[in-house]
Each structure stands twice: as structure tokens, then as C-alpha cells.
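Chemist: Chains as they are written, first to last, in our numbering: chain A, 84 to 297; chain B, 84 to 297.
No incorrect hints appear here.
As the list makes no split between identical chains, a pair holds if one copy fits it or if it spans any two.
With a straight-line cut-off of 30 Å between C-alpha atoms, the simulated DSS-like cross-links for lysine-lysine are:
1. K124 <-> K210
2. K105 <-> K85
3. K85 <-> K124
Derived by calculation from the structure, the hints in this document are not laboratory data.
There are 2 protein chains.
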Amino acid sequence: MKLASYFRSTAAYRVRIALNLKQIDHTLLPIHLIRDGGEHKQTDYQAHNPEGLVPALFTEDRVLSQSLAILEYLDETHPTPALLPNNALDRAYVRGLALSICCDIHPLNNLRVLQYLSGELQVSDAKKQAWYQHWIATGFTALETRLANHAATGEFCFGDSPSLADLCLVPQVYNANRFNCPLDDYPTIRRINERCLQEPSFSQAAPENQPDAE
Amino acid sequence: MKLASYFRSTAAYRVRIALNLKQIDHTLLPIHLIRDGGEHKQTDYQAHNPEGLVPALFTEDRVLSQSLAILEYLDETHPTPALLPNNALDRAYVRGLALSICCDIHPLNNLRVLQYLSGELQVSDAKKQAWYQHWIATGFTALETRLANHAATGEFCFGDSPSLADLCLVPQVYNANRFNCPLDDYPTIRRINERCLQEPSFSQAAPENQPDAE
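Take these sequences, add in the hints, and give me the full structure.
Modeler: In C-alpha cells form, the structure reads like this:
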């Protein structure tokens, strides 16, 4: 398998962790999101992936897009270690945690949105920073409440092994730190993030450890 | 089961369609997102659902949030008719279509984001409209390319029966129409949307047919 990735992409980071955790043989295809106006906007990449986003997973037969769809695919085809719990209610809970990051936080703060704010809307850097921090704070406050109160919260978001939720959490915390968002109010999130980063699968997937890191 | 819903909520609309399709006995709990500063922001609702968003599904044991997590849960616990195809690659494709709407379009255009643009960022109505249309156009252009070129596209997004992708597509098209987005360039999307709305499961879930419709 080949993963189209950009070292700083939050969504690609999620999939890099899964490939490591499941020890799936793969190579990385770096797609630079800024250089030359963005390699993801080029025709040959978009021919494979019309959304022109990273990540994309090149399997033998198909090109898959959307990080959560890729993660579910990897979990179905390489079930060990499992990214989702055994019963349907718990799976819904873990998927809900992951989606609260992937739908409620990340889409508002990714590169193309920040570029639109600066460009088309002429938003100042200070207000762009406030926007970023607002959506992090809104999302992390809800997530902290859930994690701090749920009986199944363990070393990781669900129990004592990594799940789909952790794979989404760690890249989002990385991004929050990069944008200097204060995380004092989220002790459970910080604790789980630190625990995850003790795992080589997570730390090796970090942006600074990518071949295309700058 | 009880579904916390707001008639105009795109995400609640997705779940309403699924409950109808699978003929799951349920009642609606209307949560008004505007009246009284937003009923979703009130303490008793947030005690069940810290994100304070709709939909939320109240099962006998738990309250589930995040529409896609709810849809996967309903599909696992009420497998007929299935919302996902039989094999892993096809499931990844259908989930990818759904996520391209739920992650790349809808989060940028929902009520709280439009309120932030008008309020904190003092964006004019015209520029807010342009923002809305930009993300619809970006997302629908990619989706149209996928659907128009994929061999499995049939009467619906995948084959000749509704899937997870259609449940996300129809509410998004409804919303695009509400904001007067031109859809001329998306003939496949329009065709599938019209086909879906011939099904009572879809049409009965439409905003104007809800008990809390205004």
C-alpha cells in the first residue's frame, strides 16, 4: 500500500498511526500542500482523488480517500489490534468521539479554511488565531467532559489500548499545540495524549518524524 | 428510541431517513436551535450530550451523538435494509462519499459557524453567502466527479438502493437549495437526489414534514 501524506496533515497523521499500529507494510507518497501552489491541486493527483485532499490510500485495486473511511477499511481488513470495541453501543461511543474531532473541530481549522479566512475574507492574523482557538476550545471542552465522566476511559480514550478515538485525538492535540492553544482545562485529553505518544506507533507517525518534514 | 432533532438540522435529517428506511419505532424530541438562545445549549440537554448538538439518539441504555456514529449503530443493530455494501473496498468508497459531505462540506456551513462569521468576524451577508456557496461548490464538484465516473453509481449513489451516502447527500442538497446555491453543474447529484425523494423514507424525513417545522 501507498499512503499519500503531508507531514503536517492532521488527517494523514491519523492513518499513519493506524498503519504503524497494525504493522501494515506501506510506503509514503509525500504530497506537499503548499509548494507550487499545492501538489494536491495538480491534475495527476486529482485524477486519483477528486477532492484533492490528503490522505489517500493507494491499494492494489483502488484509491481510497477520507481518513475515517480508510481507518475503518484498515480495521476491517487488518483486524488486529482492533480500533473499535466489541459491542455496538461501545463502537458508537468510540466512533462518536472520533467524529467529534473529525467533524466538529478539524474541518474548521484545516489549511484551506485558514487560507480562505486570510484571503477572501481578509481576516487578521489575530482574529484567525481566535477562530482557531474557539473551535478547539468548543470541541475539547465537550470531549474533556465526555472522557472525564465515562466509566470506560482508561489509559486511552476507551480502555487500556488505542482505539479510533486516540488516532484522531493525538493529531488534533499536536495541531492545537502548534497554534498555541492553551490546554490547561483539558487534563484528561493531555494525559491520554501523553500516554499515546509513549507508543512507538504514535510517535513514529508524528509530523517531525516524517520523510517530508521541514 | 427517541431522537433529539431540529427540523432544519442537516445531521438530524440523515438519521431521520435511516429510522424510516429501517422502520425503527421511535419518537422525536424537538430541540429548537434558535429559540431561547438555543435549546441545545441548555444544561439539561448538555448533561446528556456535552457537545450540545443535534441529533442525539436516546436508546434504552445510552445517549449516542454524532450522526454518522448513530447511522453505523443503526446499521449494525437493524441490518435490513443495509446502508453499506458487502465488501470492504466498497464500504470504504461509500463511507468516503458520506464523509466528503459530513467532514468537507457540512461543518463549514452549519448554524454555529454562520453565526460566528456574522458575529465575531462581522462578515457581511453577501460574503457569508459566498462562503456558503464556495464550500458547497468545492465539495459538490468533487462528489459529482466521483459519482459521474464510478461504475457502481446507479439510481442511488451506490447501486440501486439507498446507502449511507444517499442519507448524507439529500440533506446537503436540501441545504444548498435553501441557500440558493446553483446546482446546474451537478447533474448526477441532482438526479440521485430526485430519485431518493421518491422514497417515502426520504420525503417523510424532510424538514417541512417534521412536527417542529415552522
